[in-house]
Each structure stands twice: as C-alpha cells, then as structure tokens.
Amino acid sequence: MAIPAYYVTVGIVTGIYIILALSLNIITGFAGQPNLGHAAFFGIGAYTLAILTTQFGMSFWLALLAAAVASGAVGSILGLISLRVREDFLAITTIGINFVVVSIFLYHPFFGQAFGIGGIPAPSLFGVAFGRTGFLALVAAAVLLVVWVSRRIEGSWFGLALESLREDEAAAEAAGIDTRRFKVIAFTLGTALAGLAGGIYASFMTFISPGDFTFPLSITILCMAVVGGLGTIRGPVAGAVILSLAPEIFRFVMDYRLLVYGGLLVLMMRVQPTGLLGRDSVLVRRWQRLIAHRRRPLSAS
Amino acid sequence: MSRGLLLVLAILISVTAAAGPALAAETIKIGFFAPLTGPAAADGKSVMQAAQLAVDEINARGGAAGKPVELVAYDDRFDPREAVAIANKLIEQDRVVAVVSGSYSGPTRAVAPIFQRAGIPMISAYGVHPDITLAGDYIFQQSFIGPVQGKAGAEVAVKLLNARNIVSLVMDNDFGRSLGKAFREHAESLGATVHEELFPFGEKEFTPILARIRGMNPDLIYTTGYFMEAALTVKQARELGITAQILGTEGADSFQFPEIAGDAAEGVVITTNLNRDDERPIARRFMELYRARFGHEPDMVAASTYDAFIILAMAIDKAGTDPRAIRDAIAETRNFEGVTGLIAGYTEVGEVLKSVQVQQFRDGRYRFLAVIDDIDLITPPQ
Amino acid sequence: MLAQQFVSGIVIGGVYALIAMGLTLVYGVLRILHVAHAAVYATGAYVGLITFQRTDNLWLGLAAAAVFCGLFGVMIHRFVYGPLLDQPRIVPLIASIGLFIFSQDFLRLLFGPYAMSFPASVPFGLLELGDAVIPGRQVFILAVTAVLLALTWYVVGRTRLGLAWTAVSQDAETAVAMGVNVPRVVAFNFLFGSSIAAIAGILVGMHYNSVYPAMGEMPAYKMLAVVVLGGLGSVPGTVVAAFLLGLVETLLVGFAGFVLPRDAIAFVALIAILLLRPEGLFGRSDA
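Residue numbers (our numbering), protein chains in the order written: chain A, 10 to 310; chain H, 24 to 405; chain C, 15 to 301.
By construction, these hints were calculated from the structure, which means they are not laboratory data.
Take these hints with a grain of salt, some might be off.
Derived contacts from chain A toward chain H, CB cut-off under 7 angstroms, selection only [as the list claims (entries may be wrong)]:
hint : residue
1    : Ile12
2    : Pro13
3    : Ala14
4    : Val19
5    : Ile86
6    : Phe124
7    : Gly127
8    : Ala179
9    : Leu267
Listed next, the stretches of chain H that the computed footprint assigns to chain A, with coverage defined by at least 3 CB atoms under 8 angstroms from CB atoms of chain A [said to hold, decoys possible]:
hint : region
10   : 59-66
11   : 168-180
12   : 261-269
13   : 320-330
We treat Cβ as the ideally placed atom computed from N, Cα and C, and that holds for glycine.
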C-alpha cells in the first residue's frame, strides 16, 4: 500500500471537512436553523477526546464515543436556546457560542490554555496502532456513517417534519408537528457528529490548541455546505471536497489564494445561489435532462 | 488593472513552478513554510524575504556542497491543518533534504512529528514552544524558548534596571504565557514583587488596565505583547502619565513598533536576539543587504530565519545531501558566528544556546544596552 | 480612576456606534447581515491615510474616505446584494463573507501586510477632567462621533429619506404601496452607512495609530452583536447598545481584568440578554 502520505493527509483532512459540512447540513440544511458556530462543537469533541485519552487513559474508541456525546449534549442546549431565540438572533448567538467556547479552552487551565493538549494517542485495533492509511479508513467509515444518517433523516418521517419546519414553521406547527422536539433533535444530532469529527481530528493531529476551532472555521464549514448545496447530501459533500482542495490546488498562486477563495465565494453565490449541486442548480438540471433523454428512446421503443 | 496583473503573475508563477522539477536534478532543495497570508502575514513577509536573501547569498557563494540551493516555499495561512499537508508535500513531492519553519509555534508543533518520522531535519526559526523539539532528534529550534527569554527579562528588570515593584502584562497565547511565567518566577526569586495582568492576543485598548495599575506606582512594566500590543501599551501608558520603565520582549522587535508607538518608544528596553549595534561583519552585512533590498529595517524573525538557512547550508556543505548526516552536522554546530550572535550550539533536545541581547530604543532606533551570556541563564530548563 | 475608565469606555462605545450604524441601516431595509461592512471600514481607513499622507490634510482624508466608501457601499449593493435578494437569507450572507475575505486580502496585496501609522495631529490639546486625562486625539474622536451621531439622528428622524427608511424597515410592502421609492432608499442607505463606517475606520486608525489589512476582523462579527443587542434594525437601540458594550467591556476589564477576551465578554453579554429578551434590548416583539 503505497499511496503517498501527502494524498492520504489531504484525503483525511477533506474527509473531516465532509463530516463537518454534512453534520451542519442536518441543522442548517434539513431543519433550516442557522448555525455559525459549528467549529465550537468540533472543538468540544476534540478536547473531550484529548483530555480523556491523555489524562484519564481512556481508550480511543470509548473516548470517541464520549466526544460525540459531550458535543451533542452541549448542542442540545443550543437546540433549547433555539426554541426561544430565533433566526438572525439565533445566528448571532451561535457566533457567540463559538467565541465563548474557544475562550474557555484558552483561559481555563484544565484545557491547557494557549499551550493546547499534545501527545494525543492514535487509535488501535486488535493491538495495532493506526497509521495514516488506517486513519483514512477510519475517516472514510465516519463519512459513510454520516451519509447514512443523513439519508435516513432525508427519507424518514423525521426528515419530512424537518422539511416542513424549514419551509414554514408556523404551518408545520399547525399541522400538528412537534417542531420544538425536532429542532432539538436536529441540533443534538448535528453537533454530536461534529464532535465525532473533532475526536478523529484530535487523534490524527496528536496536538490541538484553541486556535484550531475559532470562528473562521465555522464560516469555512458553512461556506462548504452552501456552495455545494444546502439541504441535499451530495451538495455539502461536493462543497467540502471543492473548498478543502481549493487551497491545495491554488497553492501555485501562493500570495493570491485568499483573494481567489473570497472571489470564488462571491461568484458562486451570484451564479449559482442554490449551490453547485443543490436543488435546481444548473448542473443538476442538465444531468436530469441527460438522464431523461437517454430514457425516452428506450420507453418509446 | 489588478485582474490583468493577477493573471500575468499567476502565469509567471506557474511557469516558474513548472520549471522547478526540470532543475531538480542539480539543485539541493530546502523546504520552507510561513504564514504569508492570513492574520500573521506581516511576520510571514519578513521571514520570506529573509529566506530569499539567505538562499541568494548561499548561491552567490557557490551553493551548498557545490550545488545550487533551491527554496521550496509554501504558505500555511497560520493553520496547522495546512501545515500538515505542506509537510507531507515537502517530504514526498518536493523531496527536500531539510526544512526551515518560518511559522509560529502552532503549525510548527503540528509538523514536527511528521518530519521526525520521515527523518528530515527541521529548524524552527522563531518558535517558542518547548514541545516542538520534543518531537525528536531531527528537530531544532533557532530562537530561545519562552522560559529562557522570560528569565533573562527578569534578570534585566531586577539587576540591570533595579526594579522592585513590577507589573507584568501577560498575553494570553503560548508565547506570552510561557515568558510571563518564567519572568515572574525568576523576578520573585530575585526579590522583586510582581503583579500580573492577563490580556488577549490582538488587544488594542490597554487604558482600562493601565489606569488601574497607575495607582500601584510600579517602577517597571513588563509586557509580553507582540509589536502591536507592546506599542499600544507603551503609547497609552505615556498618555496616562505613567512614567515607569517599560520592558518588552522579542515580540516588540520590529520596525513597526516605533512606527506605532511614536515618541513613546523612546527608552523602551527589550530582550531579543538581534543586536542592532553589532559590529561583526556577518551581522552588518545582513542588516545592510536586507535594508537595501526590502526598504525597511530587518526584525528578529527575519534574522533568526536567515541564521537557520546559513546553519543548514553549512551543515549540507559538511555532510552532503543525506538528511541523517545533515541532522548530525546541525547537532554538531559549535560557536557559529550568526547574525543573531554567537551560537554556542544546540542542547541535547535541540534548543539553541545563544546569548540574549538587551536593546534599548534611543534616538530613533534600537541600540545595544547589555548582553546576557551567563550559561546558567541561557540554558533551557529540561 | 473611575472617570478614566468611563472616558475610554465612551470613546470605544462611540466608535462601535459609528461602525454598527451602517449595519443597522442595511439590516433595517434589506434584512442582510452585512459582514463586508467591515471591509468598507478598513478601506476607509486606508483611503483616509493615503489621502492624508499625500495632502497632509486630515479633513480632506475624511472627505475622500467618506466619498470613496460611500460609492463602494453602493456598488456592493448594486453588484452583490441586489441580485440576491430573492434568495434564501444565507446566500447574501455567504456572498458578504466572500466579499469581506476578498477585500481584506486585496488591501494586503495593495498596501502590504505591515501596519502603517496614522500620525495626524488634531486641533485639540490634552484635556484634564479631575482624575482623568484625555489626550487630544480622543477629544477629537469624541467630537467627530458626536457630530456624526447627531447627523444620523437628523437624517433618520427628520429628512424625507430617513422617514422613508423607517417606513421601509417597518413594513416594506405598505411603504411601496404608499409610493416610497425603495431602490433609492436602499442606495442612500448604503451611501450613508458606508461613509460613516469609513470615517470610523479613520478614527480607529488614528486612535491606535495603526492601519493594517486585517483591522476589519474585529468589527466584522462583533458589530453584529451590537446590532443584535440593539434589536436588529433599530437606530437608537444600536447607539445605546454600542455605548453600553463599550462601557461594560472597559469597566469589567478595568476592575476585574481580563476574565475572558474582550470579544467573548461581548458575546456572553449578548447571549445572556437574548435569553431574557429574545428580540434584543430595543427590538419589537412582533419583528
């Protein structure tokens, strides 16, 4: 197995971004609730795993589960807040949560302050520690898990409820849907999956510090989901792949990378506001037409 | 205008990038990464310029081990995730023989284990985190770690400046915290009282804190801020009529410090590694070349980066292109005359042993005040 | 000491108010979280500084920045937000973030990453109020802030355009039915809000004697907190929230030190207040 480590590393980082974009999609895409502080939950997962493995000697797998639970628990509190504080007020509140969580990591000695936490162990299975390829497999499995969860949501009663919640909350309530419960579940689930990504990230990097989970990362994740197409599954996946590879691809224009990135975001929103692969996007419509064309002659004959 | 210009530049850069591999056979590649864009872009620019200057110098003198040196530089945006990808790219695709980190402690600490595992030596130009070199024997640090400089600061404050009643302003990042802790411990052991105040990295408004400490009548204020925080502390303190001596760190060693602090910069003392009054030819030459080529004063991150490259070139001269041999040659460095003073060598774990310069800002620039070369003080704690 | 803290809190609060004003004006009529407003602010500081360096005239710098950024604001609306108004609210937000990243990096490429000083002298001397010392520069900033806030109060409360703005922000459909020229109101909005932000950029640049590409980073998101505290789209609410935040931050730091970074303090206050009053301090509960 000789995939160069560079590609494996880029693959792992991209995979983590896919999980983050998809988990945000459950909250923002499916349930239509703004969340500009997703990096905080990624961070809560990462710190939970880091502390449990380095200070309490817990095994990676148990700690990973704890990371998801801890993150989901804090996320459910945000879900409860979302019942009272709405729309743009909620959006700004989530920014606030990101700032506050990072500050706690930075100021409380328990979280290692600015020095962060180092020496986070790699997972092992049957006594064999994971190398890079092992991590790639782990990330791939996690991506599949998140895709599966997303599909289940999309096709279920819960998904339909969320969709009606997104389209018109008042109407959904009138139709007898318990929007409050679904909102809290969406927040809990989405943040728990972000916590899972955080746990894997902490172990992969072996060292984390508060700066890894700041607000700009939340923005990056949101951009991925929106550029790809909120509310679908393929969209956030595509967005995460494109935007996490973009800085690598544009490495040759070194000094202009951020400029290109920012310009790309504006351009995307102007040209394709529903996302590259969102509902009604040009690409998706073309593809559907192509499929339809192919089928027609068959059914005619 | 800009779009056309950008396009031309993009093409130019990609052409040069494409031409790179063609030359690969005859050149020795040294990897480099720095925060060229993003929040730390100012330091990124300084170290990038120093790296180019160093590599041009090395090549003008006939390269290293008889071959021209090629600089392979990447932008890490001050993001450890990017740095990790860059590290693997440098190792596998660019096949560099050694690496200089021109980045902060965070990204440097994230990549240190990767270079260690790959057996590629890395010199961190100005990282301060003690954990960086703990990754293993291939990792070296060119600037003194936080505890050394903090201790030196306390020595300056208490013994040189006779301070007894000290207020220490500690920045909340790893740089500030590690210097602040060492400063306080050593100053207290020398008999001074230290009152500590924490402030966030990037803070610009110090009057609330300064107004409070004005009542304490300190005879010295120690700040671990970078140039922006330190300059604004000094400026705002003077505006409030605080006359206490102000002592800074290498964080304030930048031409931007007096630019922002204005007249208030006068009299400020710092601990750093670049002596502006250094008469040794290597230091004079570096400062003159840098000024002439880039149009501004070199700062300590630039000087440290330059030294890292020169030491690496010497190691390659001595050892050839085998990374293992280069590592050994770096470790064997003894009494090297660098821009940042006499480098006695590296400790067992790879921390540099060099004297701490004490500079004072007088008549428009930093000038020599003292030097700390007591080996007990400058040896990093294990 | 209390007086000193109070003065510096007022200075900071005033600057917050100026930056946040543009955001409130935009939010009032378009319901967009205008993150790129911070790029307008940073651009204003640069235009002001460059003009000042060339002409040695601060007033000219203020005027040039106000005009340039006013037009910049109008262009942002014309080419970025205008075409996106029918889209879900998140679309203009992402476009705004993209524009902010783009503009900030454009400033870096144009002027370099290093901080530049803003050595303008002001027509005021040191002011001593009992215990407190107020440098002339701060007196100047307070004076300009007061003039601009009075101007805003006049424009929003007394002119036809201001009344039209109020009408649109309260009920856009009725406003249109009553014959308000909405595009004109919106364009004016961006012109006015962006000019004020540009002047705020210059004031901050002078206050800290530094202008640098990333100076918009702080206001980009923190000012959203101010606007929300003020009740999203309420002009007096924004002003009160800005001064309140400036004072709370300063007094807290002045008496207790940094228990948390300044921005986190702002957001803790925000979350606490929103939990008690989900529509902000001055929001209408029907909004």
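Violated hints, by number in ascending order, as checked against the structure: 1, 5, 8, 11, 12, 13
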